[in-house]
Amino acid sequence: MNPSVKALFEDYRRLFRDGIWDNNVVMAQMLALCPLLAVTGTATNGLGMGLATTFVMVASGLLVSMFRTIITPEVRIPVFILLIASLVTLVDLVMNAYLYEMHKALGLFIPLIVTNCAILGRAESFASRQPVHRAMVDGLAMGVGFTVILVVLGAVREIPGSGTLFADAHLLLGERFAWMELTLIPEYRGFLLMILPPGAFLALGFILAGKRVLDARLAARTAPAADPATSP
Amino acid sequence: MTTVAQPTYRKRVGYQATLLGGIALLASAVLVIADLQTRDTIAERRAEDFRRTLEQVLPAQMHDNRPQEDIHILRTDDGRTLEVYRARQEGRVSGVAFRVQGRGYAGPIHILMGVDAAGEVLGVRVLQHKETPGLGDKIEVNRDPWILAFDGLSFAALPAPRWAVKKDGGPFDQFTGATITPRAVVNAVRDGLTLFHAHQSELLQRAPDGPDGPMPMTPEAPVPADTSTPPPDQYLQETLP
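Protein chains in written order, with full-length UniProt numbering: chain Y, 1 to 232; chain Z, 1 to 241.
Chain Y extracted, bound-state conformation:
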């Protein structure tokens, strides 16, 4: 394989690793908690929010990176907000017109994307300093990472909360995806706390603690191997 292509793939791989685990929007940067806590009552809602956000993140990466040479530090924040808000409005209009059924399911989430500080955060810290292709890949990776945590948190809340998984997925993805809807505990009366916002805080706390423990174990496993080499 051409070495430069190989280096590019290696670079993209690292961007994805950052987006999904090492520098995850939620688990590492602690951003976007407002939409996260608001919509993750079910895994389906999490997936919907994640997909919509991913799209806006890729597009905002493209736009911000394209304009990065003419934007000055003094006015960068209003310019970024303007670009992101226009993009979200555009997505809302186009979806409403051409993907009406999906818009009925997702419409609730789209205005929430504007309030997602993670998008502004990526525009500011990454897209405004990077070439277009890297900015877009970073947006995709961050979006996928956000989607993953949204779906995981949605599932963690939905299973004890209502005894189902991916309930109403057909409203979001169409009838072909009705198989995703599982009723794990039939005749379940539900555990209300998990569906309400406090449940989201609790579940997120456990997920964050879990990630810390995992990271600490990984570090502990690699550290002894590295030690003899550095300090003989």
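Possibly wrong hints are sitting among the right ones.
Below, a list of computed lysine-lysine pairs in the DSBU-like style, where the Cα atoms sit at most 30 Å apart [unchecked claim]:
| # | chain 1 | residue 1 | chain 2 | residue 2 |
| --- | --- | --- | --- | --- |
| 1 | Z | K167 | Z | K130 |
| 2 | Y | K104 | Z | K11 |
| 3 | Y | K104 | Z | K130 |
| 4 | Z | K138 | Z | K166 |
| 5 | Z | K167 | Z | K138 |
| 6 | Z | K166 | Z | K130 |
Which chain Y residues face chain Z? A few, computed with CB under 8 Å, are given here [stated by the list, open to error]:
| # | residue |
| --- | --- |
| 7 | T54 |
| 8 | I70 |
| 9 | T72 |
| 10 | I81 |
| 11 | L83 |
| 12 | L93 |
| 13 | V94 |
| 14 | A97 |
| 15 | L165 |
| 16 | D168 |
| 17 | T183 |
Not close to chain Y: a few residues of chain Z, all C-beta gaps over 10 Å, as computed [as the list claims (entries may be wrong)]:
| # | residue |
| --- | --- |
| 18 | A60 |
| 19 | R66 |
| 20 | D77 |
| 21 | F155 |
| 22 | A157 |
| 23 | A160 |
| 24 | I180 |
| 25 | D191 |
| 26 | S201 |
| 27 | L203 |
Think of the hints as simulated: they come from the structure by calculation, not from any bench.
Glycine included, each C-beta is placed from N, C-alpha and C at the ideal position.
Got chain Y sorted already, so can you dock chain Z onto it with the hints?
Positioned in the frame of chain Y, the structure of chain Z alone reads:
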């Protein structure tokens, strides 16, 4: 904000203002174009959606007209106006549909309900609501069959004071974790039926200038609001949220 800008150039206030203004102008232009391109389609989709809901509360076999175009403006006792969609069989009004509003947990719940000439509920559907996803949204028919419990009910079968959720001693189920939402829907439908009975004769009369009804047996004064009804499509655009 043309091409390569020198650092000194870029520090000027004029450049900053031009940049911000230029981007704002560009963004507005894109949004205006997008709005113009999508406006008609969105209105069409909404009207279609409303028509589908209307068909669910006024079953096709009970009318031979187009209820979404047969609109009667009802003036309620508290001075508000309510648009009523009439289903007709051979000119005779066989059922009506109208919107009612419930006070939900998170704002108004917009409901469309159909009632037949005898005062029996044909169907109830939620048009729009902001209830908690996963709790209160079970009032949507594609999430839960709960709202079908209203079908066929009337004040003859269930007297008005007994219209309540189980928690309040009535026959309607509430949802786990959500009582306010179903209570709001039950109350709204009950009020809708009360309204229907209060104006039953006005709602069921044959409009003399009805689009596809024969002349009535007893000449009645034409309802003035009827003639000033705007064309249906424009009408839908205006009133749909």
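For each hint, the structure was consulted:
Pair hint Z:K167 plus Z:K130 holds up; C-alpha atoms about 23 Å apart against a cutoff of 30 Å. Annotation: proposed proximity of Y:K104 to Z:K11 is violated, straight-line Cα distance about 46 Å (limit 30 Å). Restraint check: the Cα-Cα separation between Y:K104 and Z:K130 comes to about 12 Å, which is no more than 30 Å; the hinted pair holds. Taken as a hint, the Z:K138 and Z:K166 pair is honoured in the structure, with Cα atoms around 16 Å apart against an allowance of 30 Å.
Of the supplied pair hints, the one linking Z:K167 and Z:K138 holds, its CA atoms being roughly 17 Å apart against a limit of 30 Å. For the suggested pair Z:K166 and Z:K130, the alpha carbons sit about 23 Å apart, so the restraint of at most 30 Å is met. Given the 8 Å rule on beta carbons, the hint for Y:T54 is violated: about 20 Å separates it from the nearest Cβ of chain Z. A least Cβ separation of about 5 Å between Y:I70 and chain Z falls short of the 8 Å threshold, and the interface hint therefore holds.
Among the interface hints, the one on Y:T72 holds; its C-beta lies about 5 Å from the nearest C-beta in chain Z, closer than the 8 Å criterion. For Y:I81, the suggested interface contact is broken, since its CB lies about 10 Å from the closest CB of chain Z, more than 8 Å. Of the supplied interface hints, the one on Y:L83 holds, with its beta-carbon coming within about 7 Å of a beta-carbon of chain Z, less than 8 Å. The criterion of a C-beta within 8 Å of any C-beta in chain Z is met by Y:L93, whose closest approach is roughly 5 Å, and the hint holds.
The closest approach between the C-beta of Y:V94 and any C-beta of chain Z is roughly 6 Å, which is under the 8 Å cut-off, so the hint is satisfied. Interface restraint check for Y:A97: the shortest CB-CB distance to chain Z comes to about 4 Å, inside 8 Å, so the restraint holds. For Y:L165, the shortest C-beta to C-beta distance to chain Z is roughly 13 Å, which exceeds 8 Å, and the interface hint is violated. Given the 8 Å rule on beta carbons, the hint for Y:D168 holds: about 6 Å separates it from the nearest Cβ of chain Z.
Interface restraint check for Y:T183: the shortest CB-CB distance to chain Z comes to about 13 Å, outside 8 Å, so the restraint is violated. Remark: the non-interface label on Z:A60 is consistent with the geometry, its nearest Cβ contact in chain Y lying 22 Å away (cut-off 10 Å). The Cβ of Z:R66 sits about 22 Å from the closest Cβ of chain Y, beyond the 10 Å cut-off, so the non-interface label holds. Every C-beta of chain Y lies more than 10 Å from that of Z:D77, the closest at about 35 Å, which supports listing it as non-interface.
The beta carbon of Z:F155 is kept farther than 10 Å from every beta carbon of chain Y, the shortest such distance being approximately 33 Å. For Z:A157, the requirement that its beta carbon stay farther than 10 Å from each beta carbon of chain Y is met, with the minimum near 29 Å. Interface exclusion of Z:A160 from chain Y stands, the closest Cβ pair being 31 Å apart, more than 10 Å. With a minimum CB-CB distance of about 14 Å to chain Y, Z:I180 clears the 10 Å threshold, and the non-interface call stands.
Non-interface call for Z:D191 relative to chain Y: holds, since the shortest CB-CB distance, roughly 27 Å, exceeds 10 Å. Against chain Y, the non-interface label of Z:S201 holds: every CB pair exceeds 10 Å, the least being about 38 Å. Remark: the non-interface label on Z:L203 is consistent with the geometry, its nearest Cβ contact in chain Y lying 30 Å away (cut-off 10 Å).
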